[in-house]
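*Asks:* Spelled out from the first residue to the last, the chains are:
There are 2 protein chains.
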Amino acid sequence: MQEALKMASFASSKGEVPVGALIVDSQSGKIISQASNEMEERRDPTQHAEMIVIQKACKLLGSGRFWDKMDLYVTLEPCPMCAQALSFVRIRRLYFGAYDPKGGGVEHGPRIFESSSCHHRPEIYGGIEESACAHILKDFFERLRGLKSHETSL
Amino acid sequence: MQEALKMASFASSKGEVPVGALIVDSQSGKIISQASNEMEERRDPTQHAEMIVIQKACKLLGSGRFWDKMDLYVTLEPCPMCAQALSFVRIRRLYFGAYDPKGGGVEHGPRIFESSSCHHRPEIYGGIEESACAHILKDFFERLRGLKSHETSL
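Residue numbers (the numbering used here), protein chains in the order written: chain G, 1 to 154; chain L, 1 to 154.
Hints were generated in silico from the structure; no laboratory data involved.
Hints should not be assumed to be uniformly reliable.
Stated by the list, open to error - In silico DSSO-like pairs for lysine-lysine, Cα to Cα no more than 30 Å straight-line:
1) L:K56 with G:K14
2) G:K102 with L:K59
3) L:K102 with G:K102
4) G:K102 with L:K138
What the hints assert, rightly or not - Pairwise CB distance ranges (calculated):
5) L:F10 with G:S131: 45 to 55 Å
6) G:E142 with L:L147: 15 to 25 Å
7) L:I31 with G:L147: 30 to 40 Å
8) L:R145 with G:L147: 57 to 67 Å
9) L:E3 with G:Q2: 45 to 55 Å
10) L:K6 with G:A132: 22 to 32 Å
11) G:S116 with L:R145: 17 to 27 Å
Note that the Cβ used here is the ideal one computed from N, Cα and C, for glycine as well.
Let the hints inform the model, and build the full structure from the sequences given.
*Replies:* Encoded structure:
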C-alpha cells in the first residue's frame, strides 16, 4: 500500500484526485503495473487508477482473464465501474485503503461483488493504511477548496 | 440503433461478442463516436463497446463532462461497469436493445442508476429493436457452441 500511496501523492502533485493503484503477482511479489488517477490529464472521468492498471496489465500479460494469482492494491474503495472491472479480470484479492461512503461500490452503494450478476468475487481487505489513504484525499480537497475561496475573494 | 447493429455485426465477423454502440449529439444528430466490443482483440475484458465509445468521445470533445446533449445507443443492456461510466460522463439518454438478465446493470443486478452512490441518472429507453439485437447475440453463441461441439467430436 506504501507504493500505492506514492502513486496517489504523485497524482496530487499533478492536480489529480490522489488515488493510486497497483497490481501485484502474489507468487513472485512483483509489481505488474501501477498507476494513479488520470481523469484531469485525459479529460475522461473513466480514467481511474484501477482501470488504468487493469488495462496496462492486460497488455503486459496478453490476457484479460485467469488472473487468479493477481492482487490489486488501491488507496480508495473502488467505485462500481472499477469493482465490476476487477470482477471481469477475476482478480484474486482486493486490498483498499480509505472507505468511500459517497462513491464506493464495494462496501457501499450497489455493493457490486454481492450482486447476482457478479460472477467473480475476490477476497476483500478494506481499511489498509486507512488513515494515510484518507488523509491524502482530505488534504487535497481542503487545498482545492482553499484555492477556490481565494479565487472568489479576489 | 441500426448503426449500432452494424457495429455489432462487424464485431461478430471478428469473433467478438456482437455488441455495438455509438454516441450521438442530440442537437445536430451527428454521430460522435462508434465502436464494437474489442475484448478478444485487445485481450482485455474491460473493452466493452460502451467504454470504447466513451473514451473516444472524451478525446474528441476534449471533455469528460457536461455531456447533457449526448445520447448513447447500444445493442445490449449495459453491464454495471459501463452503466457507472455513463453516469460519470453525464449522458443525457441511454437507448439499449436487448435486455441482459445475467450481466446487465441497468434493469438487472445492481441497477446502478438507482443506487445512492449514483449521482447522474440518464433517461433510459430499453428494448429498442430488441429482437434484432437479441438475435445477433443468440446466433453468435449458437455458432460458437456448434464450433465447440464440432471440435469435441473430432
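*Asks:* Which of the numbered hints above does this structure break?
*Replies:* 4, 6 and 10
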